[in-house]
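Asks: Sequence:
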Amino acid sequence: MITSINQLKGAEKAAVFLLVLGDEHKNLWELLDDDEIKEISQAMSNLGNVQASAVEELMVDFVGRMSATGAVMGSYEQTQRLLQSILPADKVDAIMEEIRGPAGRTMWDKLGNVAETTLANYLKNEYPQTVAVVLSKVKPDHAARVLSALPDDFALECINRMLHMEPIQRDILEKIEITLRNEFMSNLARTSKRDSHELMAEIFNNFDRATENRFIGALEERNREAAERIRSLMFVFEDLKKLDPGGVQTLLRAVEKSQLALALKAASDELRNLFFSNMSERASKIMREDMASMGPVRLKDVDGAQAAMVQIAKDLAQRGEIMLAEGGREDELIY
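Numbering of the sequence shown is given in the working numbering, commencing with residue 132 and proceeding in unit increments.
Among the hints, erroneous ones may be present.
As the list claims (entries may be wrong) - Restricting the straight-line Cα-Cα distance to at most 30 Å, the calculated cross-link-like pairs of lysine-lysine (DSSO-like) are:
hint : residue 1 : residue 2
1    : Lys169    : Lys140
2    : Lys306    : Lys255
3    : Lys373    : Lys306
4    : Lys388    : Lys372
5    : Lys396    : Lys416
6    : Lys416    : Lys431
7    : Lys372    : Lys306
8    : Lys144    : Lys169
9    : Lys372    : Lys445
10   : Lys169    : Lys270
11   : Lys416    : Lys388
12   : Lys445    : Lys373
13   : Lys268    : Lys306
14   : Lys445    : Lys388
15   : Lys306    : Lys169
16   : Lys396    : Lys270
17   : Lys306    : Lys144
To be verified - What follows is a list of derived Cβ distance ranges for each label pair:
hint : residue 1 : residue 2 : range
18   : Ser363    : Tyr258    : 35 to 43 Å
19   : Ser363    : Lys416    : 52 to 60 Å
20   : Asn344    : Asn256    : 42 to 50 Å
21   : Ala341    : Lys306    : 41 to 49 Å
None of these hints come from the bench; they were simulated from the model.
Ideal Cβ placement from N, Cα and C applies to all residues, glycine included.
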């Protein structure tokens, strides 16, 4: 017999609350994921008798917490503090790590939001039968990308296992889910926080040249190391000189000739020569004549043309049509 909410843990409190609300509020269950439903259902089935005074105490406590602030505000930190007050520390850590991880209601939804190369790097160290089970649970298009990222022999073995797979027992599936959550998703959540310097480099890439120079200069005075890190991560117009000939020719086909002429007005001799050498002799001659006939041009217009070319290059790279070497790391390629 439960006579006070002090006898109840977090899942048990939720179970009592949902029992009181009854069938009329069954849509609340739809907001819970499978693990939450399982945990609350287990607590509900083991509750036994709960005295009316304990139920009233629970409701009063809930209303009191709401009225204390006049509203309910959710945040990562608030959620963590609340969970720490009602759940064991290891349980809280597991939940919060999963919250930080890729979005999705179920484990398989979450895996569908993990980059195929990241998932493949983890799965290549697992048994082919385990990989077959995992890939049978995610969406076919994602499974296809993961398989293509695995070593050929290993991928073929996984395909063979999938072809001959029998119905998966629930307890085996649960063990795989637990392993994925504890060994993969939690580690992914801890390492997936984005480098703030990378974010700032993207912002700086969208400044005009005068604004970029002003902020970089001011930052160098306060934190030279941070300024150098941001500069190394930025992809700027001059980085186009790292394109291979095929990439240059692809970019040339995508850029308007007037835009190219304006952008090259303030380019280094090395970058100009790279573009000219990938044109026909006639096209190169016409481009040089067009640039000469422009006369003086505004720096603002040149910055705009160069920024537009950089964006076109990034779009081509995103589609896999060219490869770009990142700002200060010539040995790394992004696709």
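Asks: A separate judgement is required for each hint: does it hold in the structure or not?
Replies: Status of the hints after comparison with the structure:
1. Lys169 to Lys140: Since the Cα atoms of lysine 169 and lysine 140 sit roughly 15 Å apart, the hinted pair holds (cutoff 30 Å).
2. Lys306 to Lys255: 18 Å, holds
3. Lys373 to Lys306: Since the Cα atoms of lysine 373 and lysine 306 sit roughly 48 Å apart, the hinted pair is violated (cutoff 30 Å).
4. Lys388 to Lys372: This hinted pair holds, its Cα atoms lying about 18 Å apart.
5. Lys396 to Lys416: Judged against 30 Å, a Cα distance of about 15 Å means the pair holds.
6. Lys416 to Lys431: Holds. Lysine 416 to lysine 431 sits at ~26 Å (cutoff 30 Å).
7. Lys372 to Lys306: Distance ~51 Å between lysine 372 and lysine 306 Cα, so the pair is violated.
8. Lys144 to Lys169: 15 Å, holds
9. Lys372 to Lys445: Holds, at roughly 14 Å.
10. Lys169 to Lys270: Holds, because 24 Å separates the two Cα atoms, which is no more than 30 Å.
11. Lys416 to Lys388: 13 Å, holds
12. Lys445 to Lys373: 13 Å, holds
13. Lys268 to Lys306: Roughly 14 Å separates the two Cα atoms, so the pair holds.
14. Lys445 to Lys388: It holds: about 18 Å lies between the C-alpha atoms, which stays within 30 Å.
15. Lys306 to Lys169: OK: lysine 306 and lysine 169 at ~15 Å, within 30 Å.
16. Lys396 to Lys270: Violated. Lysine 396 to lysine 270 sits at ~49 Å, over the 30 Å cutoff.
17. Lys306 to Lys144: 27 Å, holds
18. Ser363 to Tyr258: 35 to 43 Å: Cβ of serine 363 to Cβ of tyrosine 258: about 41 Å, so the range 35 to 43 Å holds.
19. Ser363 to Lys416: 52 to 60 Å: Since the Cβ atoms of serine 363 and lysine 416 sit about 37 Å apart, the hinted range of 52 to 60 Å is violated.
20. Asn344 to Asn256: 42 to 50 Å: 47 Å, holds
21. Ala341 to Lys306: 41 to 49 Å: 59 Å, violated
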